[in-house]
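*Asks:* All chains, please: the whole structure from these sequences, using the hints.
There are 4 protein chains.
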Amino acid sequence: MDIGFVGLGSMGSGMARRLVGAGHRVKVWNRSPGPAEALAKEGAEPVSRPEAAFGGEAVVSMLANDAAVREVVLGQGLPAARPGLLHLSMSTITVKLCQEMEAAHARAGVLLVGAPVLGRPDVAAAGQLNILAAGEEAAVEKAAPLLAAMGRKTWRIGPRPHQASLVKLAVNFSLAAAIEAMSEAFALVEAHGLDPHIAHELMSGTLFAAPAYQGYGRTIADRAFEPAGFKLPLGLKDVRSAMEAGEAVGAPMPFASVMRDNFLDAIAHGDSEKDWSAVSQVARRRAGLV
Amino acid sequence: MDIGFVGLGSMGSGMARRLVGAGHRVKVWNRSPGPAEALAKEGAEPVSRPEAAFGGEAVVSMLANDAAVREVVLGQGLPAARPGLLHLSMSTITVKLCQEMEAAHARAGVLLVGAPVLGRPDVAAAGQLNILAAGEEAAVEKAAPLLAAMGRKTWRIGPRPHQASLVKLAVNFSLAAAIEAMSEAFALVEAHGLDPHIAHELMSGTLFAAPAYQGYGRTIADRAFEPAGFKLPLGLKDVRSAMEAGEAVGAPMPFASVMRDNFLDAIAHGDSEKDWSAVSQVARRRAGLV
Amino acid sequence: MDIGFVGLGSMGSGMARRLVGAGHRVKVWNRSPGPAEALAKEGAEPVSRPEAAFGGEAVVSMLANDAAVREVVLGQGLPAARPGLLHLSMSTITVKLCQEMEAAHARAGVLLVGAPVLGRPDVAAAGQLNILAAGEEAAVEKAAPLLAAMGRKTWRIGPRPHQASLVKLAVNFSLAAAIEAMSEAFALVEAHGLDPHIAHELMSGTLFAAPAYQGYGRTIADRAFEPAGFKLPLGLKDVRSAMEAGEAVGAPMPFASVMRDNFLDAIAHGDSEKDWSAVSQVARRRAGLV
Amino acid sequence: MDIGFVGLGSMGSGMARRLVGAGHRVKVWNRSPGPAEALAKEGAEPVSRPEAAFGGEAVVSMLANDAAVREVVLGQGLPAARPGLLHLSMSTITVKLCQEMEAAHARAGVLLVGAPVLGRPDVAAAGQLNILAAGEEAAVEKAAPLLAAMGRKTWRIGPRPHQASLVKLAVNFSLAAAIEAMSEAFALVEAHGLDPHIAHELMSGTLFAAPAYQGYGRTIADRAFEPAGFKLPLGLKDVRSAMEAGEAVGAPMPFASVMRDNFLDAIAHGDSEKDWSAVSQVARRRAGLV
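Residue numbers (the numbering used here), protein chains in the order written: chain A, 11 to 300; chain B, 11 to 300; chain C, 11 to 300; chain D, 11 to 300.
Possibly wrong hints are sitting among the right ones.
Put simply, identical chains are the same to the list, so a pair is met inside one copy or across any two.
[As the list claims (entries may be wrong)] Derived SDA-like pairs: lysine to any residue, alpha-carbon spacing no greater than 20 Å straight-line:
| id | residue 1 | residue 2 |
| --- | --- | --- |
| 1 | LYS241 | VAL259 |
| 2 | LYS106 | GLU254 |
| 3 | LYS51 | ALA135 |
| 4 | LYS284 | GLU257 |
| 5 | LYS284 | ARG170 |
| 6 | LYS247 | ALA258 |
| 7 | LYS247 | ASP232 |
| 8 | LYS163 | THR216 |
It is worth saying that the hints were derived from the structure and are not from the lab.
*Replies:* Structure below.
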C-alpha cells in the first residue's frame, strides 16, 4: 500500500520500520528530521510536511499527546487529506479528543480507526504489539494488513474509534492501580522489617503471575526507577485522562483519585524523570521508610 | 507422625484428609461433630475436646478467625500441650494475635510455625495449596512432610511466625485492590456504553494474564456473585486486618481505606452473603449504572 | 468615575446597581439585553458590545466562567481597551486563566486587579460583599472607591491578580469540605437512628458557630436543596479548579479528590439542578439511608 | 449531694473542683494519689479504691479511654455500686463500650447518663464546658444540678447513653476534618508562594468565623504545635472510633479514611507528642514544602 506515517518517536520508528519491512511504500514525517533519515536508509521516503503523508491510501499517526495530534493531524494533515483516506490513529489520546476527531474525519470523508497499542519500544520494533482497534467494520478490515505488520494481535473493541482510547486508558489506569497496590503492600511488609522481594516472589509466582506484577513488582522491590520506561508525568497524564473520561459520564474513580494525589506527591519530591513505578516511593516515604 | 488437627471447615477437612492419606495418624476435632465423623471413615480419629489433639508430635489448626483461635488454641489446646509439640497455625489471623501466640507458645515450650495458605477448598482437597511458612528453621524443617502433604509449594517467609500472617494479609489486600481496580475500570467502560467483557478479555489476555484478574474479572463482568467463594464481610475483615497491621507501624494504606469504605457501602446495600467481588457493584451504583 | 461593567447576572446586576448608586457613570453590557435595560432605568447606560465598556477609566467584569472571560475580556474587551484602563476582574476563574490575563493585560498596558467575592446575590445587592483583592498597590488603591461601593470589606491578598483567584478557590474548597464533613457526620448519626438536627444544633452553637456550618448544616439536615443557591456542577467546577491549582505546584489534595468523586456520584444520580449541598445525599445513599 | 468522682486528670480535676465548690460532698479517686490530695485541700475526700466512690447518690467518671473505663467502672466500681446510684459517664469512649455499659448498668440497677464534654482543661476549671447528655429523662433531670456545676450548657442528645458518645465522636471527626481542610487549603496557598495567614484571616473573619477555624487555623498557620492541647494519637483514636461506629451501621466515611492515613503519616514522622493539628504538616510535606 502507499501509506504515510507521522510521529517517529521511540515507538513510531519501530512501527514504521515494520511497515516498510512488510513491503509498503511509506512516506514518513517527524518534527525533528533524524528519525526520518534513519528510516530512509531502509526504504522509507521522508517528507518535509505532515500533509505529504496524508495523500496515499492510508496514514498512521503515532504522536506524543493531544497537543501534537491537534496540531499535526487536525491542523495540518487532515485538511490536506484526500477523501477516502484511511487514518490509523495509534497515539494514546483522550476520549474527548478522539470524539472530536471522529467528527472532523467524518466531515473530511476520511475513515478513522482508533488503534492505540500495548507494548514498549522493543515490542514495537519486533512487531509484537497488542493493538486495540475501534472503528467501522470496513475500516478495520482495510487496516488489517497494516495492523498485522505491527502487532502480534489486534483486539476488536467496538464500532467507534474513541472506544479504543477509552479502553487503553482503562488498561493504563489498571496498571497504575497495580503499581500502587504493590507499593502499599510492599511498604507494609517492609515497615514490619521484611524484604519486599519475598512478597513479590510469592505474588508473581501465584495469583499475580502476570507481566504487570512480575515486571513492575521487581522494579518496585529493587527501587530501580532509572532509566525510565514510562516517565512518571505520563502516568499522571493517563490517570487524569481516565478521570476525565469518568467525569464525562458521572463515574467516580476513587482509586484514580488516590493515584493522582500520589503522582503529584512524587513530582513534588523530584521524581519527574523517573519511571512511573517510582510513585511507590510515596508509600515508603509516608511510612517513614525513606 | 502422630498429629492432631483442629478446625474441619471447608478448607480444614480437605487438608486433614490429605494428611490421613499421607499415612499420618490424625486426631481430628471440630466444634460440630459432622466433619470429624466423615474423616473417621477415612482413618482419622475423632476426639471430643481440642486438648486431645495437642498431645502428639504436631498439631495443625485451621480455624475461622481470631476469636476461634483465641478460644480453641490459646484457651484450650495450648495449656494442655506437651513441651516440644510442633504447632502449624494455618488460619488467616491478625498479625497482632500471631505475635501474642509467639509469646504464649514460647512460654509453653511449643514450637510455632505460621503457615496460612493461598487456595480455595477444591485446591486444598487436591493438596495443591500454596503455603506461606514462617518460623524457626528447625520448626519449618520438622513441618516439611506435613506441608508437603497439603501443598504444591511452601514459600519460606521468615524466622518469625507472624511474618506469614503479615504477607498473607498483604496478598489478600492486593487481591481486593485488583477487584476494585477492575470494578472502576469496567464501570468506566460500561458508563461509556461498552461491554466490560471486552476490557476483561484484553486485560486477562495480556498484561494481567493471571488468576486474580482472569477469575475475578470474569465474575465481575458476569456479575455472578453467588454462590460466594469468599464472602464479602471476610474481605472487609482481611482489609481491616491489613490496615491494623499498617497502623501498628505507621504505614498509611489509602487504597485499603477506599476498599474499606466500599465494602461498608456494599454491606449497607445487602450484599453480605455475596462473594467479595460483589463490591464491584459499588462502582456501578455510584456511576448510576445500577 | 466613567466606568464599564460587563456581566449582569444575579451577582453582577446587584454590583453594577451599587456603582450607579454611588454616583459613577456606568456603561453596562450583558449577553442578553434584559438586565442592561433594567439598569438603564436607574441611570446606567446600556451598550451593545463589550468593547464599549472598556473605554473609560475602569471596567468591572463579573462573568460566569473561564470560557465567558476568554471570549468577552480576552477576545473582545481587552483588544479595544485604552492603555491605562483599570480592570477589576471579579469573576471566579481558574488560576491558570488569571495568569494568562496578567500577561495579556501587561501587553495591553491595562491595570489588572483580581477581585473575586464572597457572598450571594442578596449580599451583592446590599453592597455587603467580602472582596478578595490582588494586584499592584497603585491599582488596588485606584480601585478602592469602586470596591467600597460593592463590598463591606476588601481583603488584600497580594501583589499578583491570580493570587485572589487562588485564595477564592481555597475558600470554596473549604466550604465544600465543610459540607462533606457534615454530610458524613450527619449520615453516621442518622444511621444510628438519631436526628441529624441534634448534631447540627450542637455544632453550630459551639465550635462551628459560623455561617458555613449554620447555613449549610441546616440545608443538609432539612434536605432542602431546591431552589439551588449554588448549583452542584458549579461546586464540582470550583473543586476541580482547586485541584488543578494544586497540580500546577505538586500539591496533593485528598479531601478535594474525595469531593470530586462525590460530586460525580451526585450528578450521576440526577442532582445537577440542586444546591451543591445536595452532595450530602451521597453519604446517605452509600450508608443505605436513601 | 453525696457523690463520687473517679479520674482526676487535667479535665477531671477541674470538674471535681467545681462540684466541691458547688457544695457537694465528693469522694475522689485517681490512680495516682497526687490529684486527690490536691482536691482534699479544697474539701474533697480522697478514697483509696474506686469502689468507695460508687457508694453515694451519684458518681462521675472522667477516665482516659475505653481500657480505663473497662477496668475502673465495669471491673471495680459498678460491681460495688448500690442499686439506684446515678452514674455520669463523661469520658470520651467508643459507642460499642457505651452500649456494653448500658447493659451492665441495667443489670446492676444503676442509672447511666452518657455525658461527654466539649472543652479544654481551662474551660473545665471555669465550669464552662458544653456537655452532651444522653439517657433516660429522669436520670438526666436528676443529674441536672451536677451538670450545671460543671458546664455552661447541657445539650440533650437522646434517651440512650451511647448516643452522646456517638455525637461526641461525630463532633471530633468534624474538628479533624476542619483541620485537614485548612491543611490542604493552606498548603495549596503556600505552594503558590502566599502566606497561609492571609487565607486564615479571610476565612476566620467571614464564612468560618468560629472557634474551630479561628483557633486551629492560627495554630496551623503559625506551625505552633507544642505544647499539645490534644495529642495527635488521641486524634487518631477518635477518628478511628468514629470509623468503627460507622462500620457498625454500614456507613462509609471517606474523609475519616483520609484523616486516618494522614495521622499515621504524621506518627511515622515523629509527631506523636505534638498537637493533633500537626497533621497539617502531612499536606505540606507531600507538597514538598517541608
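*Asks:* Look at each hint and say if it fits the structure.
*Replies:* Going down the list of hints, with the structure as the test:
In this homomeric assembly, LYS241 and VAL259 come within 20 Å of each other (Cα to Cα) only across copies, at 18 Å, whereas the closest approach inside a single copy is 28 Å. Proximity of LYS106 to GLU254 under the C-alpha cut-off of 20 Å is found in both arrangements, the shortest distances being 9 Å within a copy and 18 Å between copies. Proximity of LYS51 to ALA135 under the C-alpha cut-off of 20 Å is restricted to the intra-copy arrangement: shortest distance 16 Å within a copy versus 62 Å between copies. Only between protomers do LYS284 and GLU257 lie at most 20 Å apart by alpha-carbon distance; the minimum there is 18 Å, versus 29 Å within a single protomer.
For a Cα distance limit of 20 Å, the shortest separation of LYS284 from ARG170 qualifies neither inside one copy, at 35 Å, nor across copies, at 34 Å. For the identical chains of this complex, LYS247 and ALA258 are neighbours both inside a copy (16 Å) and across copies (13 Å), given an alpha-carbon limit of 20 Å. For the identical chains of this complex, LYS247 and ASP232 are neighbours neither inside a copy (25 Å) nor across copies (31 Å), given an alpha-carbon limit of 20 Å. For the identical chains of this complex, LYS163 and THR216 are inter-copy neighbours only, at 10 Å across copies versus 26 Å inside a copy, given an alpha-carbon limit of 20 Å.
The structure fails to meet hints 5 and 7 from the earlier list, while all remaining hints are met.
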